[in-house]
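Top line first, the protein sequences correspond to chains A and B. Per this note's numbering, the very first residue in the first sequence carries number 545; after that it's consecutive. Per this note's numbering, the very first residue in the second sequence carries number 43; after that it's consecutive.
Worth flagging that the hints you see were computed from the coordinates, not collected in a lab. Among the clues, some could well be false.
As a list, the in silico EDC-like pairs of lysine to aspartate or glutamate whose alpha-carbon atoms are at most 20 Å apart [unchecked claim]:
# : chain 1 : residue 1 : chain 2 : residue 2
1 : B       : K144      : B       : D155
2 : A       : K1022     : B       : D155
3 : B       : K144      : B       : D127
4 : B       : K96       : A       : D773
5 : A       : K1003     : B       : D75
6 : A       : K1022     : B       : E102
7 : A       : K1022     : B       : E117
8 : B       : K96       : A       : D753
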Amino acid sequence: MTTVARGLIQEEKLIFEHSDPGRRGFDLPPLDVPEAKLPEEFVREEIPGFPEVSEVDVVRHFTRLSTWNYGVDGGFYPLGSCTMKYNPKINELLCRLPGFAHIHPYAPEALSQGALELMYRLQQALGEISGFPAVTLQPAAGAHGELAGILMIRAWHEAKGKARRKVLIPDTAHGTNPATAAMCGYEVVPVASDADGILKAETVRALMDEDVAALMMTNPNTLGLFESDVKEICDIVHEKGGMVYADGANLNALMGIARPGDMGIDVMHFNLHKTFSTPHGGGGPGSGPVGVTAELAPFLPVPLVVSEQGRYRLESDLPQSIGRMKAFYGHFGVLVRAYAYICTLGPQGLRHASEMAVLAANYVRARLEGAYHLPYTGRSMHEVVFSDRDLAGGCATLDVAKSLIDRGFHPPTIYFPLVVRGALMIEPTETESKEVLDEFCDAMLEIARQAAEDPRQLKDAPVRAKVRRLDEAAAARKPVLRWTPES
Amino acid sequence: MDFPNHLFYTEEHEWISIEADVATVGITDFAQDSLGDVVFVELPEVGSQVESGKPFGVVESVKAVSDIYSPLSGEVLEINEELPDTPELVNSSPYEDAWMVKIKLASKDELGDLLDVEAYKAFVEQQ
Chain A
545 MTTVARGLIQ EEKLIFEHSD PGRRGFDLPP LDVPEAKLPE EFVREEIPGF PEVSEVDVVR
605 HFTRLSTWNY GVDGGFYPLG SCTMKYNPKI NELLCRLPGF AHIHPYAPEA LSQGALELMY
665 RLQQALGEIS GFPAVTLQPA AGAHGELAGI LMIRAWHEAK GKARRKVLIP DTAHGTNPAT
725 AAMCGYEVVP VASDADGILK AETVRALMDE DVAALMMTNP NTLGLFESDV KEICDIVHEK
785 GGMVYADGAN LNALMGIARP GDMGIDVMHF NLHKTFSTPH GGGGPGSGPV GVTAELAPFL
845 PVPLVVSEQG RYRLESDLPQ SIGRMKAFYG HFGVLVRAYA YICTLGPQGL RHASEMAVLA
905 ANYVRARLEG AYHLPYTGRS MHEVVFSDRD LAGGCATLDV AKSLIDRGFH PPTIYFPLVV
965 RGALMIEPTE TESKEVLDEF CDAMLEIARQ AAEDPRQLKD APVRAKVRRL DEAAAARKPV
1025 LRWTPES
Chain B
43 MDFPNHLFYT EEHEWISIEA DVATVGITDF AQDSLGDVVF VELPEVGSQV ESGKPFGVVE
103 SVKAVSDIYS PLSGEVLEIN EELPDTPELV NSSPYEDAWM VKIKLASKDE LGDLLDVEAY
163 KAFVEQQ
């Protein structure tokens, strides 16, 4: 069995279970000043269940828990749609510079010029990468960016005197898109992609009318395919007075190569934590800036960072603005990391990153095609979606995922997108070497062989992980959310 | 997979049983098998109006959350009160214990849009 993980996994109790009455992690010298008595009503007798532990108990407890984590610094993380690329440590160093890390959000503009300049330059850089003239950095993450974008579209329609009712969303869009449209009060109209996984212009033409406020698409879509009709679709939606929202979660396939703004898109959010390399997936926070056309710019959230004669200031005088989306100025630490990433790579480097992301996905596809069913055969962009249809021995996607854990790999995204039955969605990203991709592909091929020869082994997986296969259905139906001591 | 002959079906994988002007609706064996273990079911309120092709409820499994589309238009007469507390019935008994709603039909004209068992089997084959 190929494996990149072997060895000791520490068992660890809950911190409460380490508790021993009277044990403590400090030792104070005798009191040498008069004792001040607190008013009785403010003194708590005892904190029920409060753990009494020593310093080494605490350090070992949390260190052991940390070894159960799996992160991109520890290994390959092909979680499709999430762009779990390696985050260069220079970004961490730069966002911790005291001038960035210790700045107070209420510091006056005159003392915040460096931070404001960075935000301004990031707005400009994101605008250039995506083809949008105006960008807000406020939204906290992707879905929050969607909310900002759709609220702007709604405000734009309302300013024209007619609020519309519907939003079109293809079945290959991200799952958060329908939720966003519903939260903004729209009726969601699902749109079927074609047999080749692409949204067709004629499909949109048939559904588009003057009650449709917007179409929300993800490009490349969740099948990892480029929406080749995008320009024509935008024209059709625009002809009927609608707007096109693009979910930019998959921008990692396009940087420096193609710009959504040039394709006719009106609004797009960026996932800085995916594309521009900042920690996410439990390491958050994210950041979801939004780029818009000149027509939508008056509706952007305030404040925006503007530049006047070499000075930077916050502009809040936008009468048609949808208002503030977030306290202060977005997740500033993430903005610094993303700006550092963009500057260290530069235009050629960003393009190269996207090219290598696409190459990596196609390499994995070429090695696994044949062993795994590929339901959509159009050219893959930055990710590839297989299915469990051809697996032998009655094995399913979940069995593959659990078997990968035994071999030391984080599983890919499974059972998404929904248009593929038993989907296995693999996004390797540009930061993996050919050797790592080969180790992963070898493991995947071995799993497919094992399904034919000894399916029981797949069904039993994981056997090497901290815990065996969990009963996800019972956990959802009858969750135990609170620890109670054994009495 | 089991597709009883006496039922009607839709491409959204609902089954329908018709008695006079009342339709009983649930999801098919294929739907429950695709979803995997169902952990949550949300049904409409009794007395609410449902419309053909529009979602009236939600079914959530360990794999996915899906809308349940109403196959017909009308008024919700009754819902399966037990289902939200015992969603596993959708997996164990999709056609009997896990019926979801009873709809008083607004018109019988929409019945022509439903699939018979042969047409539904052919549709499932293509999936």
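Do the hints match the structure? See the list:
no. : hint                : result
1   : B:K144 with B:D155  : holds (18 Å)
2   : A:K1022 with B:D155 : violated (39 Å)
3   : B:K144 with B:D127  : holds (18 Å)
4   : B:K96 with A:D773   : violated (28 Å)
5   : A:K1003 with B:D75  : holds (17 Å)
6   : A:K1022 with B:E102 : holds (14 Å)
7   : A:K1022 with B:E117 : violated (32 Å)
8   : B:K96 with A:D753   : holds (18 Å)
In summary, the numbered hints that this structure violates are 2, 4, 7.
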